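Engineer: Residues per chain, in single letters:
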Amino acid sequence: MTKAQKYSLIGGGLFLSLVAPFLLPQLATQLTMLWLMVVFALTWDTLGGQMGYNSFGNILFFGIGAYACAVLQRDLGLDYFIGLAVGLAFAGVLSSLVAIILGFGMLGLRGHYFAIGTLGLGIAAGEIAGGWDYVGAGSGMVPPLYPTALAGRELFFYFLMFALALATFFILRALYATKFGLALNAIRDDEDKAEAMGLQTTQVKSFAWAVSALFLGIGGGLAGNLLGFIDPRDVAFAGATFGVWMVLMAILGGKGTVWGPVIGAVVFHITQELFWTYLLGWQRVALGLLIVAIVVFFPNGILGTLREQRPEWFGEKVEERA
Amino acid sequence: MSALLKVENVTKTFGGVVANRSVSLEVHKGDIAGLIGPNGSGKTTLFNSIVGAHPIDSGSVRFEGKEISRLIVPTIARRGLIRTFQQTRIYAEMNCVENMRISAPDARGSVLSLLSGFSNQVDIRAEELLDFVGLASKRFLRAGSLSFGQQKLLEFAMALMSEPKLLLLDEPTAGVNPTLINGLIDRLVRANKELGVTLLVIEHNMRVIMNLAEHITCLAHGEVLAQGSPQEVRDNPSVVEAYLGVSA
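From first to last, the protein sequence lines are chains A and B.
All residue numbers for the first sequence refer to this note's numbering, where the first residue is 1 and numbers rise by one.
All residue numbers for the second sequence refer to this note's numbering, where the first residue is 1 and numbers rise by one.
Bear in mind the hints are in silico, worked out from the structure with no lab data behind them.
Each hint should be verified, as a subset may be incorrect.
[Stated by the list, open to error] To give an idea of the interface, some chain B residues facing chain A are shown, with a C-beta separation under 8 angstroms as derived from the structure:
1) Ile102
2) Val111
3) Leu114
[As the list claims (entries may be wrong)] A short list of chain A residues far from chain B (calculated; beta carbon distances all over 12 angstroms):
4) Ser139
5) Asp231
6) Leu279
[What the hints assert, rightly or not] Reference listing, derived: stretches of chain B covered by chain A, where coverage requires no fewer than 3 residues with Cβ under 8 angstroms from a Cβ of chain A:
7) 81-89
8) 116-125
Nothing here was measured: the structure is a model prediction, and the numbers come from that model.
Yeah, the Cβ is synthetic: ideal placement off N, Cα and C, and Gly gets one too.
Between the sequences and the hints, there should be enough to build the whole structure, so can you do that?
Structural biologist: Shown next as structure tokens:
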């Protein structure tokens with residue numbers, strides 16, 4: 001692919017993203033969810049793909065964000081938009097802090113142990129939120145309503161979520177291009193070696209999880225407002241849906257790449273919506289089959305498979321010197 | 001002259017097995033020191049004890065006069081004591097240049113200091129060292145796609161990249177073809193003479209270690225059997241016995 005082709009493809013995608021909610025207003029919420037999926041896949045990939053730590057508990061940060069934002073909006077009594085802004089900021093910061101605190105214990109676990117350990121996080125959080133009256137217990141929370149006098153609620157959330165997805169993408173991409181990004185990859189490839197070379201692996205791992213949690217937390221706050229209802233188990237800490245999807249989308253697209261999770265999220269979300277529309281009643285079966293097909297035929301994801309076929313597109317080549 | 005590394009009476013046991021019993025050795029600045037011994041004599045265990053991979057039962061390890069036996073691996077590494085692994089370890093999914101970049105001293109800083117790009121000096125140095133070990137043309141290939149011998153060379157280059165004061169090499173020539181071995185020895189000597197890196201080398205290849213090292217320690221059953229110049233160690237009857245068994 002030449003540079004020009006690449007940029008026109010990206011430009012086209014950006015343009016489509018900007019006009020889509022105007023062209024397809026009835027799908028605006030679904031499109032907003034698409035950007036949330038992109039955030040899911042990108043933030044999961046920070047640990048799962050770049051650092052090699054398969055987390056099944058990242059949904060925790062999404063849920064914390066959803067609740068944290070809603071609680072602040074409820075209790076501060078600010079104007080809707082100011083309350084939302086403060087709530088989102090708080091959601092991100094709180095999620096990051098929780099990631100750092102959890103990281104001290106959890107990130108000492110390696111491989112399968114980390115995966116299993118994190119699996120418990122989302123489930124436990126769902127149970128706690130479901131029994132805690134301060135956040136509405138089992139009946140969940142309803143964030144403040146978007147001012148009825150104003151039109152454009154769908155568009156408002158669409159562009160906020162789009163901005164979050166863009167920010168996540170570009171900030172993560174910039175981070176991966178630094179020494180920090182290489183340190184993540186080094187930990188993925190051989191953590192013992194990284195330690196033996198003197199890398200501050202504990203700090204790097206905690207920071208990576210905190211960055212991932214920051215965007216997930218903001219995404220959670222936005223999603224709570226978008227959906228208008230925060231159920232502890234089906235929305236906030238929905239490990240069986242969102243929690244699994246984020247893993248699948250990153251793997252489908254190609255983990256450990258920047259574009260992989262984006263491509264995976266788009267393909268997955270569209271496929272899923274089509275299943276819902278045309279295979280109603282069988283959508284979960286179809287989704288299950290799709291997952292099996294992904295793992296069997298594309299274990300390295302779309303970009304991973306492409307890289308095997310065309311390594312030179314990814315800069316892998318022998319350079320002979322004169 | 002005071003020793004750069006001073007290991008005193010280090011004992012390490014695993015359950016009932018004594019892997020190192022009261023081992024002492026010294027490495028002086030600028031030396032190439034050798035560590036030999038039959039399989040299972042505790043050489044790698046001693047390496048692991050020195051770099052902090054596991055706690056020692058008793059004894060002391062001093063690096064530049066400071067006790068390091070209670071420190072953890074990355075802390076010791078940041079002081080300039082770097083080891084390579086017997087089972088070569090490189091970052092397989094990253095290319096050679098990336099492997100080198102992440103091995104530079106500035107990659108060992110706090111996470112906030114890592115949030116910047118790569119300095120030109122690091123890239124120039126990485127090129128020089130990849131050239132030094134003969135991997136310049138392979139620099140954009142995935143390290144995992146290199147042959148075993150090339151991976152050994154890359155690991156060695158990465159170790160040099162980290163600008164160690166003392167480099168512990170665990171069998172640098174194991175699994176490397178004989179032609180490449182000569183090149184590797186030549187590079188070890190050059191690293192020592194030109195870059196001023198002090199070396200402590202575990203080696204099974206007697207021809208290699210006798211030519212390379214100025215001072216050799218021989219371990220057997222976890223204990224120091226002999227120490228001295230290559231000639232002295234080679235002529236020591238108990239060393240011959242440990243390797244070849246008791247003569248009839």
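Engineer: All hints, please: hold or fail.
Structural biologist: Going through the hints against the structure:
no., hint, result
1, Ile102, "4 angstroms, holds"
2, Val111, "4 angstroms, holds"
3, Leu114, "4 angstroms, holds"
4, Ser139, "41 angstroms, holds"
5, Asp231, "36 angstroms, holds"
6, Leu279, "37 angstroms, holds"
7, 81-89, "holds (count 4)"
8, 116-125, "holds (count 3)"
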